[in-house]
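Following the hints, position chain B against chain A.
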Amino acid sequence: MSDALLEVEDLRVAFAVGGREIRAVDGIGYTVEPGRTLAIIGESGSGKTVGCRAIMGLLPTGTAISGSARLRGTEMIGLSDSELRKHRGQDMAMVFQDPARSLNPTMRVGVQVTEAIQTHRKVSKKEAYDQAVELLRLVRIPVPDRRFHEYPHQLSGGMRQRIMIAMALACRPKLLIADEATTALDVTTQAQIMELMLELQQELDMGLILISHDLGLAASYADDVVVMYAGKIVEQAPAKTLFGTGGTVKMRYTRALLDAIPHLERPAHTQLPVVSGRPPDPANLPPGCSFAPRCPSAADDCRQTMPALVEHAAGHRWACWHPCENGVHA
Amino acid sequence: MSAEATGKEPLLSVRDLVQEFTVRHSGGTGLGRVPSTPGVKAGVVQAVSGVSFDIMPGETLGIVGETGSGKSTLARSLLQAPPPKSGSVSFRGTDLTTLRGRKLLEARRHMQFVWQDPFGSLDPKWRVRSIVDEPLLAYHEGDRSARHKRVDELLDLVGLDPERYAKRHPRELSGGQAQRVAIARAVALNPSLLICDEAVSSLDVLIQAQVLNLFERLRHELGLSYLFIAHDLALVKQVSDRVAVMYLGRFCEVGPGESVYRKPLHPYTSALLDSIPSTEPGASRATATIKGEPPSPINPPSGCRFRTRCPRATELCAEQVPMPRELAPGHLVACHFPLSEPAPVASATASAPATQSTKVVSS
Numbered sequence: 001m002s003d004a005l006l007e008v009e010d011l012r013v014a015f016a017v018g019g020r021e022i023r024a025v026d027g028i029g030y031t032v033e034p035g036r037t038l039a040i041i042g043e044s045g046s047g048k049t050v051g052c053r054a055i056m057g058l059l060p061t062g063t064a065i066s067g068s069a070r071l072r073g074t075e076m077i078g079l080s081d082s083e084l085r086k087h088r089g090q091d092m093a094m095v096f097q098d099p100a101r102s103l104n105p106t107m108r109v110g111v112q113v114t115e116a117i118q119t120h121r122k123v124s125k126k127e128a129y130d131q132a133v134e135l136l137r138l139v140r141i142p143v144p145d146r147r148f149h150e151y152p153h154q155l156s157g158g159m160r161q162r163i164m165i166a167m168a169l170a171c172r173p174k175l176l177i178a179d180e181a182t183t184a185l186d187v188t189t190q191a192q193i194m195e196l197m198l199e200l201q202q203e204l205d206m207g208l209i210l211i212s213h214d215l216g217l218a219a220s221y222a223d224d225v226v227v228m229y230a231g232k233i234v235e236q237a238p239a240k241t242l243f244g245t246g247g248t249v250k251m252r253y254t255r256a257l258l259d260a261i262p263h264l265e266r267p268a269h270t271q272l273p274v275v276s277g278r279p280p281d282p283a284n285l286p287p288g289c290s291f292a293p294r295c296p297s298a299a300d301d302c303r304q305t306m307p308a309l310v311e312h313a314a315g316h317r318w319a320c321w322h323p324c325e326n327g328v329h330a
Numbered sequence: 001m002s003a004e005a006t007g008k009e010p011l012l013s014v015r016d017l018v019q020e021f022t023v024r025h026s027g028g029t030g031l032g033r034v035p036s037t038p039g040v041k042a043g044v045v046q047a048v049s050g051v052s053f054d055i056m057p058g059e060t061l062g063i064v065g066e067t068g069s070g071k072s073t074l075a076r077s078l079l080q081a082p083p084p085k086s087g088s089v090s091f092r093g094t095d096l097t098t099l100r101g102r103k104l105l106e107a108r109r110h111m112q113f114v115w116q117d118p119f120g121s122l123d124p125k126w127r128v129r130s131i132v133d134e135p136l137l138a139y140h141e142g143d144r145s146a147r148h149k150r151v152d153e154l155l156d157l158v159g160l161d162p163e164r165y166a167k168r169h170p171r172e173l174s175g176g177q178a179q180r181v182a183i184a185r186a187v188a189l190n191p192s193l194l195i196c197d198e199a200v201s202s203l204d205v206l207i208q209a210q211v212l213n214l215f216e217r218l219r220h221e222l223g224l225s226y227l228f229i230a231h232d233l234a235l236v237k238q239v240s241d242r243v244a245v246m247y248l249g250r251f252c253e254v255g256p257g258e259s260v261y262r263k264p265l266h267p268y269t270s271a272l273l274d275s276i277p278s279t280e281p282g283a284s285r286a287t288a289t290i291k292g293e294p295p296s297p298i299n300p301p302s303g304c305r306f307r308t309r310c311p312r313a314t315e316l317c318a319e320q321v322p323m324p325r326e327l328a329p330g331h332l333v334a335c336h337f338p339l340s341e342p343a344p345v346a347s348a349t350a351s352a353p354a355t356q357s358t359k360v361v362s363s
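These protein sequences, in sequence, are chains A and B. Quick note: the first sequence, position 146, residue 146 per our numbering, numbers continuous. Quick note: the second sequence, position 104, residue 104 per our numbering, numbers continuous.
Calculated directly from the structure, the hints in this document are not laboratory data. Mixed in with the good hints, there may be bad ones.
Pulled a few chain B residues facing chain A out of the computed Cβ check, cut under 8 angstroms [said to hold, decoys possible]:
(1) Ile207
(2) Leu212
(3) Ile290
DSS-like cross-link-like pairs, simulated, lysine-lysine; straight-line CA separation at most 30 angstroms [to be verified]:
(4) Lys291(B) x Lys240(A)
(5) Lys240(A) x Lys263(B)
(6) Lys103(B) x Lys85(B)
Where is the CB? At the ideal position from N, CA and C, for every residue including glycine.
Extracted from the complex, chain B is given alone in its bound form:
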């Protein structure tokens, strides 16, 4: 998470990012028993609760998490859409949370997005050329003929023949081709950071591999950094230098991809790994090692948010929020009882956990 050791300035530096949304009663009655007052706070969705990380120039950080873990909200908060509740987002040396209007727009041109559904993010009435041209026009990049040439270059770059595709509408493209158009548009302004939110999740596996290879090529050719968000751990590991595992609004583990996969430290990461069905020879069958479902982010558990489903949880986990600790080079975990240590004494014995927990905290 920290960049002090390398001496280089991080491209993106996020500190204690918090994003919350207030949900109100719909105005209906609460299941027919207690009539609720319209407009009264029903609760606060704690979507992102204190997330910090850095991305170095040319680096790819992957974020994995399940539905509702807050990974997409985190991405949107970086973009200031909407701005986070608190915390800082320092991008190329400027804190985006302090910027508004034109200044924010100018700072944001170097940070571009690729979304999950290409058809949802491309205007169905526009032709491919106009779609890719739009950011160039919006930021006054060159005259008409220069932009025309640039769009041709961009389509070439993502592997679409401009002759054949520039005049098409999105509906005349396959899913993979439409995603390539979305990528061409995203790299049009030479961004330094590309945020991909489930950018290949809706594609068939062979097309998905083509687009992943394209991302990889662009990383080399354009020196791009990525924030790559997906629910598929294997996919994230494939493209990332470092991987962060997110659960209910917090990072539970961050580290080099290989290290997170070979030696997971957080019980949640380990459970995620166990539940992936694999085609590798000798791989054991996927197993559901954690039961139940994530609790609601409106009323998250106290202390460690994973404790309600964690096989290793003790009383300490309910009392204290585990702070991230670096247990291997660059590999941080937020857990009182990481998997590198023996399991805590069964929480059924009342006195034992208390004595042991103090030991762990002080170490």
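Isolated chain A, as found in the complex:
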């Protein structure tokens, strides 16, 4: 595993809210290799974003973070702000969901890209401009030297997200984290942005983490998949293992997510298979499996002991006492 770009082990993040401890991320681990894409899937509040923000050092001070996240061998957890700043942008960068809010509405977009370059590199104004135009060209923005002078409101959502990607790539990071980066975009634009990110990933040999609630996105674009529920990884496998022909989903939560998506293959007006309830209160997790209160096949052991995430088959881990047989509900 020495060629891994990012190695995360037993990462834990806890917030103190109103005297209660909220374990947002509870002992997760995964690796990302250069040129490969990892999708982290989960619902709102599952901890998928918090885990990545912890690695980037983007959580408020006073957050309790423990565990390990090594980026190209360097430990990121516990670094001071100034040390982290050397890695952010240079080694790792993040693209967020809402490009309209991430961009400064009063600054021309090209200037914002130039700023990203000058923050990290000592270059002349002219060089920074040239590099910025080059970056806009890299993210396939037509007529980049004209777009350089436009304001965010003059650009469409897809174009703004391209600008965000250009800024993230300013220093050619080795790891790009896309946090719901295409969620707010139309499907046709989403397909364009995803293709762009995968092309750039190959060109720059980057590791890519896709944080999303959309299993379809994971199935279509990721090499590896991590499914999170209530701060824990509940299933982890190569995308082919989960979604390919003859794919097997073991954890019942993953199965429930898959079943609840309206598919084009499903006849109209049929009831979707659903699980009742909603995710547990993170400050008051049930003693056993977090999903047990909603799980259709939960038994007594599920309610008493949390199953560990164990590698049951090659590359396929799941945390479930009663996994699905052949990928379907027993």
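Same frame as chain A, but now just chain B:
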């Protein structure tokens, strides 16, 4: 689109609906070069340009389209908020565009709305009971105790225990619960048509499935018709009898959901289908088959509005607006070169398209 064959009267019948908005210069200067005069017309946004359709009693029509395609404007125009520029909206036999004031209010009680953001559409200071009670009060439905009972029934109907939820404020609800309250309010007056504008788009997938199932149950129990608007084609197909695909203010394809999905006739529909990432085993990776972005509705392309991004476009597409044609039972497409026909001869050859296009139009 037409209802003649069934013999039944359509519940909602929309003809040639046009909605336009005039945008004015903000008063600033046009990028520092040409000073613009404040209040002078900058252009007309052609949001909806001649849309016609029927919804039969008990039927669900789904509308899919991307941001800016005009689907939400279309929904609001039906509601007369604001009234459309031209065209007719006949609901239960009355043309809503001719009604104003009290008469419009009375006609509209049978047509209710569910919006995308439940927290934005529920008053944060009101309790759930008052929110659901409001339409009953506004339309003088029964006395206090009758309304109290009705609110309990309605909350039960949408799967919320009145004991637990009636006294809560919207902020004490999850997104899914708040949307259920919005639905309870919408069905309070026994409407015959429910217009859902991205009603489940902001919910997590498991909660979204619960709410979709609720819509389905209400359709059975209350005999509701729906106009279901969303950007997600799979979601729209799941709940709809017929699906309409909208692009830049016009319908490009309307037909039975299964038929639109299995045999798309419009190149735009096909591109939309290609770009959906799927978890189905054996599904091919989503691909961006159309490039670029939709043009501005202020200055839409002449002829077919999709032609600037269409791989099959020829000169004819720039010259003539394609009229809807029924190419399969109930399946209409507005395209000069639908996918059921071979692709036109490459538009690079100057003379060929002209001869071919005349043939297609006359057929």
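Do the hints match the structure? See the list:
1. Ile207: Holds, about 7 angstroms.
2. Leu212: Leu212(B) check passes; min Cβ-Cβ to chain A is 6 angstroms, inside 8 angstroms.
3. Ile290: holds (6 angstroms)
4. Lys291(B) x Lys240(A): holds (28 angstroms)
5. Lys240(A) x Lys263(B): Holds, because 28 angstroms separates the two Cα atoms, which is no more than 30 angstroms.
6. Lys103(B) x Lys85(B): holds (20 angstroms)
No hint from the list above goes unmet by this structure.
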